[in-house]
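So the protein sequences, as listed, match chains A and B.
Quick note on numbering that gives the first Met the number 0: the first sequence kicks off at 0 and runs consecutively.
Quick note on numbering that gives the first Met the number 0: the second sequence kicks off at 0 and runs consecutively.
Worth flagging that the hints you see were computed from the coordinates, not collected in a lab.
Take these hints with a grain of salt, some might be off.
[Stated by the list, open to error] As a list, the in silico BS3-like pairs of lysine-lysine whose alpha-carbon atoms are at most 27 Å apart:
1. B/K167 with B/K70
2. B/K188 with B/K23
3. B/K23 with A/K6
4. B/K167 with B/K190
5. A/K152 with A/K171
6. A/K208 with B/K228
7. A/K152 with A/K178
8. B/K228 with A/K206
9. A/K206 with A/K87
10. B/K70 with B/K228
11. A/K56 with A/K208
12. A/K3 with A/K87
13. A/K3 with B/K70
14. B/K167 with B/K188
15. A/K3 with B/K167
What follows is each chain in one-letter form.
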Amino acid sequence: MMSKILKYSFVLAVVFPLVFLLGLSLAQQWQFPEVLPQQWTLQHWGNSLFQQGDILKSLFLSLGLSLSLAGTVSVFAFFMSKHIAYSKHRQLYMRFTLVPYILSPVVLAVIFQYYFTVANLSGNFIGVLIAQLFFALPFGIVIFNNFWNEHLKSIEQLSFTLGASSRQSLLKVILPLSKPAIVLCFFQSFLVSWFEYGLTQFIGLGKVKTLTVMVFSFINEANVFYAALACILLILPPIVLLYMNKKILILAR
Amino acid sequence: MLPVLAGLGYALSYSLGLTGLLSKGITFEYWQKALTSQSLWASFLYSLSIGLVSVFISLCFAVSMALSWNKSIQQGRLSYFIFLPLCFPATVMAFVVLQWLSPSGWFSRIAFELGFIHSLNDFPNVVRDFYGIGIIFCSVLLITPFFTILMSNIYRNENLLHLENLSKTLGASTSETLRRVTLPILFQKSKMTLLLFVIFVMGSYEVPLILGRQYPQMVSVAIVQKIQKFNLNDIPLGFAMSVLYVILVVLVLIVFGKPSRKYLKPHFK
Numbered sequence: 000m001m002s003k004i005l006k007y008s009f010v011l012a013v014v015f016p017l018v019f020l021l022g023l024s025l026a027q028q029w030q031f032p033e034v035l036p037q038q039w040t041l042q043h044w045g046n047s048l049f050q051q052g053d054i055l056k057s058l059f060l061s062l063g064l065s066l067s068l069a070g071t072v073s074v075f076a077f078f079m080s081k082h083i084a085y086s087k088h089r090q091l092y093m094r095f096t097l098v099p100y101i102l103s104p105v106v107l108a109v110i111f112q113y114y115f116t117v118a119n120l121s122g123n124f125i126g127v128l129i130a131q132l133f134f135a136l137p138f139g140i141v142i143f144n145n146f147w148n149e150h151l152k153s154i155e156q157l158s159f160t161l162g163a164s165s166r167q168s169l170l171k172v173i174l175p176l177s178k179p180a181i182v183l184c185f186f187q188s189f190l191v192s193w194f195e196y197g198l199t200q201f202i203g204l205g206k207v208k209t210l211t212v213m214v215f216s217f218i219n220e221a222n223v224f225y226a227a228l229a230c231i232l233l234i235l236p237p238i239v240l241l242y243m244n245k246k247i248l249i250l251a252r
Numbered sequence: 000m001l002p003v004l005a006g007l008g009y010a011l012s013y014s015l016g017l018t019g020l021l022s023k024g025i026t027f028e029y030w031q032k033a034l035t036s037q038s039l040w041a042s043f044l045y046s047l048s049i050g051l052v053s054v055f056i057s058l059c060f061a062v063s064m065a066l067s068w069n070k071s072i073q074q075g076r077l078s079y080f081i082f083l084p085l086c087f088p089a090t091v092m093a094f095v096v097l098q099w100l101s102p103s104g105w106f107s108r109i110a111f112e113l114g115f116i117h118s119l120n121d122f123p124n125v126v127r128d129f130y131g132i133g134i135i136f137c138s139v140l141l142i143t144p145f146f147t148i149l150m151s152n153i154y155r156n157e158n159l160l161h162l163e164n165l166s167k168t169l170g171a172s173t174s175e176t177l178r179r180v181t182l183p184i185l186f187q188k189s190k191m192t193l194l195l196f197v198i199f200v201m202g203s204y205e206v207p208l209i210l211g212r213q214y215p216q217m218v219s220v221a222i223v224q225k226i227q228k229f230n231l232n233d234i235p236l237g238f239a240m241s242v243l244y245v246i247l248v249v250l251v252l253i254v255f256g257k258p259s260r261k262y263l264k265p266h267f268k
């Protein structure tokens with residue numbers, strides 16, 4: 000009985016932040032000491048999605064950035080991880096891949112910023128994409144590292160023995176087998192970019208207004224209702240991914 | 000590694016006065032300032048304490064949940080709910096905590112309605128406070144689900160249920176089994192991940208930016224503020240801090256070796 004009560008309390012505690020944010024995004028007036036908002040409205044959602052469009056623009060920008068990063072990381076990490084996995088110095092390379100992953104993204108942004116300014120990459124989409132790539136690519140390699148093993152190597156060699164060219168072996172043997180790994184890498188890189196704030200703000204100079212940047216600007220303006228709305232939009236894609244596959248979420252954190 | 004080395008090279012040369020707006024040739028002045036700066040060490044120690052306390056509290060909750068609800072976490076409906084907090088970016092969780100725990104927040108309103116407080120000022124200061132309670136609370140909310148899943152996976156993969164039964168058959172009590180079998184194995188298998196999470200919390204930026212205060216500051220916030228300040232003398236100091244932070248983290252990585260993500264690895268078929 001006690002265990003059941005604790006479980007239900009836990010579920011309530013987990014779901015409550017979501018309900019709280021949804022409620023806040025639908026509130027219009029909420030003065031202290033009222034526990035619930037005095038007025039409810041759909042106006043914020045209507046304004047954001049259909050009229051002013053700032054949040055909608057940020058949503059599409061975030062989606063564009065995260066999808067571009069996920070695609071780029073998946074392709075590069077796929078080929079680079081293969082070379083690393085079959086290299087004599089695999090352990091050493093794998094340690095190197097962990098360095099940018101363990102460092103704080105914002106500290107990375109601080110030490111990269113000079114080069115981005117010189118290359119005229121500060122304050123634009125491409126600059127932020129490249130900066131996130133430095134951070135997410137090693138992460139992608141870590142994900143693929145588990146995929147390249149002796150079994151796969153022997154399958155690839157078997158295809159060569161049976162007369163396949165490198166291209167045929169890649170397209171007809173390796174790629175179909177690597178579909179789960181590519182999907183996992185794609186979605187995890189997507190989430191790394193989707194959750195990112197410090198690096199995006201620092202390299203983007205506040206001009207690349209992703210949803211996380213918008214949440215901060217709403218907080219600074221003390222516009223809690225719109226901040227809550229942007230937060231809901233930030234949480235939705237990970238929830239969809241959770242529904243699709245739980246494992247996708249766990250490694251991205 | 001190349002971009003990191005290039006970045007570090009620039010930060011190091013800036014902190015040694017070899018480049019930058021105030022560059023006058025090589026000088027150790029900024030490093031001397033950085034190494035003797037009370038606020039820098041306070042910042043490092045503060046970040047380390049927040050990291051250690053957050054990881055310890057999360058670990059306690061996670062081990063309790065993983066041991067009590069292991070089956071439900073692996074298979075039942077709870078398995079979906081345990082993953083739900085992982086959908087929250089740090090920015091969102093920090094915003095939620097701010098809305099809950101600030102003096103005009105939701106808990107303060109409830110305390111007012113219940114008659115525990117009579118004005119905003121009566122509510123204890125738990126966000127932007129000296130002890131970083133808001134930051135710790137937020138970090139615990141973010142980390143605990145991850146640790147719970149990690150502990151639950153170790154429990155299953157190491158066949159701990161079997162070992163626990165064996166220990167009890169050999170005459171050990173429940174608490175002895177917990178202290179001498181379950182907890183040591185869980186800790187041994189997860190220690191590297193725990194250490195990495197201490198480093199992650201130390202380097203977190205969004206959470207202390209929303210829930211932290213000006214002094215003491217978490218290390219990432221302190222570095223960014225030094226470099227973005229209008230005082231040009233602070234920029235080399237900020238770069239010296241960032242180099243020190245990187246050296247510290249890389250040293251930890253070298254000393255403690257390759258972190259194992261075995262228990263979180265996907266299985267490709």
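Hint check, failures only
Checked against the structure, the hints that fail are numbers 2, 3, 9, 10 and 12, while the rest are satisfied.
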